[in-house]
Amino acid sequence: MQLTGDRFTSVSAQYGNDLATLPEYPAEIRAPAGTLAGVSAFQVQLSDHDITTPGDAPNVLVAMNPAALKASLSVLEAGGTLIVNEDTFDDRNLAKAGYATSPLEDDSLRGYNLYRVPMTRITKEVCAVLGVKPRDADRSKNFFALGLISWMYTRPVQPTIDWISSRFRNNELVCTANTAAFKAGHAFGETAELFDFIYEIKPARLAPGTYTNISGNTALSWGLVAAGQLAKLPLFLGSYPITPASDILHELSKLKQFGVRTFQAEDEIAAAGSAVGAAYGGHIGLTTTSGPGVALKGETIGLAVSLELPMVVIDIQRGGPSTGLPTKTEQADLLMAMYGRHGESPLPIVAAYSSSQCFDAAIEAVRIAVKYRTPVMLLSDGYLANGTEPWKLPDLDSLPDISVSFATEPNHVNEDGVASFWPYLRDENLARPWAVPGTPGLMHRIGGIEKEDGTGNISYDPANHEFMVRMRAERIARIADDIPEVEVEGDLDADVLVIGWGSTWGAIGTACARVRAEGGKVANAHLTHLNPFARNLGEILRSFKTVLVPEMNLGQLSRLIRAEYLVDAQSISKIMGQPFTAAELAEHVRGALA
Amino acid sequence: MTDLSVTTPKDWATDQEVRWCPGCGDYSILTAMRMLMPDLGVRREDTVFVSGIGCAARFPYYMNTYGVHGIHGRAPAIATGLALARPDLHIWVVGGDGDMLSIGGNHLIHALRRNVNLKILMFNNMIYGLTKGQYSPTSEVGKVTKSTPMGSIDQPFNPLSLAIGAEATFVARTHDMDREHMMAMFRQAHAHKGAAFVEVLQNCNVFNDGAWETITKKAARDEMLIRLEHGKSIRFGVDNEKGVVVGGDGQARIVEVADVGEAAILVHDEHRDDPALAFMLSRLSSSPFTPTPVGVFRNVQRTEYAEAVSGQLAAAQAKSGPGDLGALLRSGPTWTVE
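Sequence order for the protein chains is A and B. When we follow the working numbering, the leftmost residue of the first sequence carries the number 717, and every step to the right adds one. When we follow the working numbering, the leftmost residue of the second sequence carries the number 5, and every step to the right adds one.
Quick caveat, the hints were computed from the structure, so don't treat them as lab data. Hints should not be assumed to be uniformly reliable.
[What the hints assert, rightly or not] The list that follows gives simulated cross-link-like pairs (lysine-lysine, DSS-like), each with its CA atoms no further than 27 Å apart:
| # | chain 1 | residue 1 | chain 2 | residue 2 |
| --- | --- | --- | --- | --- |
| 1 | A | LYS948 | A | LYS918 |
| 2 | B | LYS323 | A | LYS948 |
| 3 | B | LYS136 | A | LYS970 |
[What the hints assert, rightly or not] Output of the computed footprint for chain A on chain B, the stretches with three or more beta carbons under 8 Å from beta carbons of chain A:
| # | segment |
| --- | --- |
| 4 | 318 to 324 |
| 5 | 330 to 342 |
Predicted model only: the values in this text are computed from it and were never measured. Here a beta-carbon is modelled for each residue, glycine too, at the ideal position from N, C-alpha and C.
Input sequences plus hints: build the corresponding full structure.
Below, the structure written as structure tokens:
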């Protein structure tokens, strides 16, 4: 189902629609078919104008079996089009899905435009004449559905047929069966006269440029590669497989021609440790993971805070705690990113807000890391990671130069007049020198034990410890001078401000625009930097009577804002493993305006 | 650039006061390392000591090279990242038995099986020193410590058996009472291309004083240390009257040479690809109360990890040229909006 969803998305993107997707699949690899737990779904919104969410309630739902119907019917809009594969509605499948009677027979679907299509039967029939066994043919029924939907949405046929040929080129029988099923589905739509309408979505009027359809994890991987080039430093990724972050490891492992070293470590801790070691050696040390992995890396991140070495920790958040909902999205790691370490160990936090923007967020995280010699937390989530959207390719010449220099010379003269190297002397950004092994005359030892200011020697001196703790905090706080101010969209004189971070960006923006279109006055803003906050944030927050903070957690940013600015920020929570819909948020905004 | 020929042990020492307890075995290991370094033909700036946590892990502060004092158990992981990023460096990893075998056991075995070019020195004093005297993963059963008032019930690790089982390509043992032997072992570890594991029997004179004395004190060495030398019969004793044979059951055992004849005595072959011989020798002793082999148990060649990583990078670049970011961004389907 994910494959057919991807295919439909891809052909729509090339056709020029704007789009946003929401893939949803079970944590199990081969979850039992026909059960609620085994339902794999793919939601896509297509548009002839600029959109930022996968939509609220879909207009059309294709249910391949009773379990899929049961799991997804609630999202379909009232009166929406419901297409079911009627061949799967037998007693066994109905029982597996927990239906006492068939919903196709008991009138429970009367609020929808129900179309019963014998997808399995037709697929088997068209495949039988090609010599495909019924059991193999059964696997091609998703392509029948793809063909049918392609017809409904007037998608071009040839790109998908070409894609099937290429994708399944190593198995001629599967290739033939899938092509036949796809064509049969398309022909069914054209000839069965079952549907009284088709959807025609014209290409969106997007800004001129070259586009590609991209997922958050791919954009993030490419952003890291770009950052390496902009910093003129090699990338080193230490990583341990974890959903939904593994695709970054996969993508970067394919990019060795860029000089990217990927290391699949024995565990999360070693993944982080190897990144610290590589950073000491002069590489950009990266480690990718999800929430449970960040917890394991905590001690090592603390070491990087103490060593003051550049490193980027990438957290693709998922539902927690513990294993939680590995394939579902959540934003509940913000406080862990902020505070989840021992001792006073502040670090900068950058959050991506859309799938394609993961590219820029990755560059920004690396920029801060190398300039200030600090571990940086880069937050994304399962929704951004797996969701896709069209991305206007950036002009590479417009990307910032983020290169820094290694130390090459002694930076101190001892009392005896001999030049020496002090690893904890600071530059104008309070960053210490990055002196890499191999540099003559700059040999130095660094470690996790508290260091004396300047010399970096072990020091247990009480006043020195307080000085160093405050220095580390000040160094991070001052980054506020070096990040963009928050921009407010909409009605600056409104009473209500909706402010968010991360993947809620699309839903917040759409919801607020909808309310404004209805005549409501509302402003919205989005944070790309969670630590430090932008310089103007306090002023903005205080200029609104009501501040709403939608988050896929129990109110983490709202807590940070309340603590930092003494503003009565109100949390809007959703923790269902799914993103907010614009409709839900618009309802909250209307409530606040009432 | 430093002239290789002029360094002395003093050049390899830092100005930092060494803070081990007076009488600690670590001092003699440090001295052996500082004395060896000028002979190795390497520059100080190309040498890095990486450590975890524990008494032994303070080692980097005392060597005038680059150094990272990391976190407990993680030194092999940190060093692996450094070795992959910088295959040009000479990297030593130093830790104790708790650091390497308990909290860091996982990283140790993976660094060994990957054959990362790290020289890993494990100072084994069979006790936790820095945390003041708890039993360690090498403490003997029955060991009474603060955390085992009725005696330890844990089966200890045999560190060399573990290293050999973890596919290590270089495995050796030495002890802190014999500087020449330590230097010889460190020298061979340095010369080995790949991961080298050296267990150094070390005395903790505060929490486990004399633990190795039964085998390492001068008067006991002839009887209790079995010196392994490549290509030579494995014999020991005041008059070399004892030797090691492999019986029909495949077990190595100690015999009187006179009883079996010189020809029956096992000839040591550290280069043997099959690890069974080295493993058998590692099983000869699991405590300081029986004759214990010292020297190089195993020394074989296998592809070094960082070299393999660099090789794949070079192969990828040879195949598709250096990475082109613009082309990467256009590697999927694209379309143009006018």
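Comparing the hints with the structure gives:
1. Proposed proximity of LYS948 (chain A) and LYS918 (chain A) is contradicted: the alpha carbons are some 43 Å apart, above 27 Å.
2. Taking the CA atoms of LYS323 (chain B) and LYS948 (chain A), the gap is about 22 Å. The hint holds against a cut of 27 Å.
3. For a cut-off of 27 Å, the pair hint linking LYS136 (chain B) to LYS970 (chain A) is broken: about 48 Å separates their Cα positions.
4. Under a criterion of three residues with beta carbons nearer than 8 Å to beta carbons of chain A, the stated coverage of the segment 318 to 324 of chain B is upheld, 5 such residues being counted.
5. Interface restraint, the segment 330 to 342 of chain B with chain A: holds (11 residues with C-beta to C-beta distance below 8 Å; minimum three).
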